[in-house]
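Peer 1: I would like the entire structure built from these sequences, with the hints used as guidance.
Sequential numbering from 0 applies to the sequence shown in numbering that gives the first Met the number 0.
Hints were generated in silico from the structure; no laboratory data involved. Just so you know, these numbers come straight off a predicted model, no measurement behind them. Watch out, some of these pointers could steer you wrong.
Pair ranges (Cβ atoms, derived) [said to hold, decoys possible]:
#1 HIS79 to GLY43: 24 to 34 angstroms
#2 CYS63 to ASN9: 17 to 27 angstroms
#3 GLU13 to GLY77: 16 to 26 angstroms
#4 GLU39 to ILE173: 17 to 27 angstroms
#5 ILE173 to PRO34: 18 to 28 angstroms
#6 PRO52 to SER127: 30 to 40 angstroms
Ideal placement from N, C-alpha and C gives every residue a C-beta, glycine not left out.
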Amino acid sequence: MERRRRLYKNLKIESALKKMGVSPKEMLPPSAVLPLLTNEEIYGLFSTVHFLPLEIFDDEEYDCRTAEDWINLGVIDGKHYPLPATVFVPRFRSEDEMFSLEDNQLNNLFTWTNAAISHYNHERKLWSVLTLDGRKRKFEIPRIYIRFFAEDPRNYVKRLKVAIEHRRTAEASIKY
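Peer 2: Below is the structure:
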């Protein structure tokens with residue numbers, strides 16, 4: 000178990016995603032991207048913008064634990080502790096920092112950051128997240144954007160890749 004934990008700790012999610020050919024802009028939620036683009040970029044004939052949320056294509060068969068099992072991992076002697084994870088959340092920008100599509104190419108809108116996972120909302124299927132980037136930002140995000148430290152990063156990357164491919168297929172079917 001200890002050997003596996005050390006192996007998982009040394010594997011960086013960003014490099015594993017890059018190795019599988021997954022860019023951050025492919026994982027962005029439509030709600031983060033669509034307000035930044037023109038109608039032509041969104042609805043144009045050759046638009047490459049994703050309009051379906053990635054979480055609806057998440058295959059839970061790749062998950063090694065259920066939501067309840069993940070939460071129970073944080074229970075020690077009857078007390079609930081947050082679970083460590085890396086999460087894909089919006090990059091922090093100061094108010095005077097301007098966003099430019101040319102500079103960022105949508106790949107720098109969100110980033111992987113360490114976080115503490117504290118709660119799961121069964122009705123909405125969202126996890127409560129507190130970032131550990133020094134800003135202590137709070138989010139509620141779907142499981143597809145969370146990689147727990149106790150899960151194999153390679154399996155998680157496969158899960159993401161499959162969800163992205165299924166979304167791409169569904170969007171192509173809708174468009175054409």
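Peer 1: If you check the beta carbons of GLU13 and GLY77, does the distance land in 16 to 26 angstroms?
Peer 2: 37 angstroms, violated
Peer 1: Confirm or reject the claim that PRO52 and SER127 have a C-beta distance inside 30 to 40 angstroms.
Peer 2: 19 angstroms, violated
Peer 1: Please test the hint of 17 to 27 angstroms on the beta carbon pair from GLU39 and ILE173.
Peer 2: 18 angstroms, holds
Peer 1: Is it true that the C-beta distance of CYS63 to ASN9 lies inside 17 to 27 angstroms, as the hint says?
Peer 2: 19 angstroms, holds
Peer 1: With respect to the beta-carbon atoms only, verify the hint that ILE173 and PRO34 lie 18 to 28 angstroms apart.
Peer 2: 21 angstroms Cβ-Cβ, so the 18 to 28 angstroms window holds.
Peer 1: Could you check the hint for me, namely that HIS79 and GLY43 are 24 to 34 angstroms apart, CB to CB?
Peer 2: 48 angstroms Cβ-Cβ, so the 24 to 34 angstroms window is violated.
In this structure, the earlier hints numbered 1, 3, 6 are contradicted, and the remaining ones agree with it.
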